[in-house]
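Asker: Residues per chain, in single letters:
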Amino acid sequence: MAIKPKPNELLSGINYKPPLKQWMDEPVEFKKGYYCYGAKPKNLEYIGFPNGREWNSSEQDWKLVDNWKEIFLEGMENLLKKFRSFRLFMDICVRCGACADKCHFFIGTGDPKNMPVLRAELLRSIYRRYFTVAGKLGKIAGARDLTEDVFKEIWYYYYQCTECRRCSVFCPYGIDQAEITMMGRELINLLGCCTDWISGPLANCYRTGNHLGLQPHTIKSNFDYMLDDLEEHTGVRVEPTFNRKGAEILFVTPSADFFAEPGVFTCMGYLLLFHYLGLDYTWSTYASEGGNFGLFTSNEMMKRLNSKIYAESKRLGVKWILGGECGHMWRVLHQYMDTMNGPADHLEAPVSPITGTRFDNAKSTRMVHIAEFTADLIKNGKLKFDPSRNDNLNVTFHDSCNTSRGMGIFEEPRYIINSVCNHFHEMPDNTIRENTFCCGSGSGLNAGEIEELRMLGGLPRAHAVKYVKEKHGVNMLSCICAIDRAVLPPMIDYWMPDVGVCGVHELVGNALIIPGEKERENNLRGEPLPGMEEKGEEE
Amino acid sequence: MRIGLLLSEKKHEIAKTWFDLIVETYPQDTANFLKTQKNRFGNPVGFTISEGIDAILGELSGELDLARVSPYLDNIIRIRAIQDFTPSQAVGFIFLLKKVIWEALASEIRKNQLFDELLVIESQIDQLANVSFDMYIACREKIYKLRANELRNRTSRILKMSNMFKDTEAEEKDTAGF
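So the protein sequences, as listed, match chains V and Z. Position 31, counted from 1, in the first sequence is what my numbering calls 31; the numbers after and before it change by one each time, with no gaps. Position 22, counted from 1, in the second sequence is what my numbering calls 22; the numbers after and before it change by one each time, with no gaps.
These are computed hints drawn from the structure, not numbers from a lab.
Footprint (simulated), chain V over chain Z, 3 or more residues, beta carbon under 8 Å:
{"hint": "1", "region": "21-29"}
{"hint": "2", "region": "33-41"}
{"hint": "3", "region": "81-95"}
{"hint": "4", "region": "143-150"}
Distance condition first, Cα-Cα at most 30 Å in a straight line; then the derived BS3-like pairs of lysine-lysine:
{"hint": "5", "chain 1": "V", "residue 1": "Lys-32", "chain 2": "Z", "residue 2": "Lys-145"}
{"hint": "6", "chain 1": "Z", "residue 1": "Lys-142", "chain 2": "V", "residue 2": "Lys-113"}
{"hint": "7", "chain 1": "Z", "residue 1": "Lys-16", "chain 2": "V", "residue 2": "Lys-21"}
{"hint": "8", "chain 1": "V", "residue 1": "Lys-21", "chain 2": "V", "residue 2": "Lys-139"}
{"hint": "9", "chain 1": "V", "residue 1": "Lys-21", "chain 2": "Z", "residue 2": "Lys-38"}
Example chain Z residues on the side facing chain V (calculated, C-beta under 8 Å, incomplete):
{"hint": "10", "residue": "Pro-44"}
{"hint": "11", "residue": "Val-45"}
{"hint": "12", "residue": "Arg-78"}
{"hint": "13", "residue": "Asn-153"}
{"hint": "14", "residue": "Thr-155"}
{"hint": "15", "residue": "Ser-156"}
Beta carbons: idealized from backbone N, C-alpha and C, even for Gly.
Given these sequences and hints, build the entire structure.
Answerer: Set out below in structure tokens:
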């Protein structure tokens, strides 16, 4: 009889524990599915970014320019001089670890270098080495030389941060990791090492005004296609205007809302709402992108892209600007636009033409968030809804990082949802509002080649959705961000199928009662409304 | 099965050791986090592993019902399939259970000559490993499918408008109508 090895003998030769090393001694390992493709030179050239070249992020040789180290350090010195916050964030961290387990990428990937403190330390070690006296002591002072491997490590992990700022909520010093990531990415861009996913849309936005580079006639015909659908579902023909001079309001939204699902259904919601109100507004094919990928690249690029909105509002002679559902678009508008491209003296402080409400919170930027605009309409009893049209939906709300932590929009979307839906359930407290978990794909990380990273980044969010799905039967995840609408469907599909994703104004569009509309049988997606399922089948 | 009884009695100890061994496949700092953060929403990976372990051990103590245990196993595999593991590492944690059970129950198994029953338990663990591998492959296939679909969905309206997007579902319905 053969001798049967015991289970522990079978396993004794395998060491399951990873080797214990200090983080500086652990060289970066590029894992497939965790990093993006490199920028193409033609896109960098178009926006006037330096050091563009054919290079491949998965190869050993990145073809960096000979004096790359000088460029990096000189760039860092400039940023330290220009932004006091950057120097402060480099100096004051006491490594208490409060942020360590708050990052969705650390929670999902389990990679310690995704702890915000360690991610910042990658850059801080360079700061110490070259910009502090103590740093001359080297490793003992937490300093290290800038080598090509160190640069690659910074690149690898600074594109594993979505600039969501959850970690900063927990930092006792208020260190904003998002801004550290922004600084890191500025330096990366000096060496022509932007990612393909960010640089392509950047060039398109700069050239034609939106991510896909859609030209005016394409945008217009895309709308016509959408308006046909809308008429079929509601019996109402909506006639929006484009680039109309003299309109009272310019409406700007992320372009994904008019070319990708499920964003188009949110766009249909805007169109119906504005039609119902008889709003004197116009779309622009020039400022046709609310999203601003400059935020993920450099402050100068962000400023250049953002300037189109004020320029267009001036050209058209509108009084104020209304902005659609988007995340990082609002971070730029709310926190940077005023000082980057303001003051917008050609505009007036926004006043709702329907309710007379003056939006004092936006009197400087002169740009109002649509959730505030619609919530005000509802509060003043200006809209009629049939919430039962959304009765097949059991809704929860995902606070987008930028609108929640960036500008404090918590109540308005919830107020709207509760006005247009009968079934709403919150996710657990430590996953919503200022504690919200990121979708895992923001800040230019919604590239297809990093699907694994994005799924893991989205795990904490998905885990909370799964909880409310199992507990309350939630089947619709609503949000007010275009990136969320693009990336949450596949993320949800991976972790727990059968939960949809929608914008808040899609729900508004479903429930809104419009004079002259036909008996609604379908929602904006063309699916039968509750109680209309059999009618659809008969036809 | 007497070994089932022993498993039930020592379930807590076995679960803890198995959990520790699984989380120690992660870097040390991460392992500490996975062990100590008790809030399930702050630590979905640790929670999922822990929940899965309880379910699997509960099943092994009685009659193994794959349909009952599969969702829990799937939750764990779904995470490990996209974390930084090779396929064998991703599903290999199942085999650690053999080591844990042997170390916890060796003296009783020897004393009571329960080797036949141990063989049954180990076969069940092998079954779980087989199922895990199927789940792993399904997760990887899902990722590739999502990647392909995403590419299409992001420009779906434009593709539809220019008739470059074949709506196979609608086409099937049309054909069925004839």
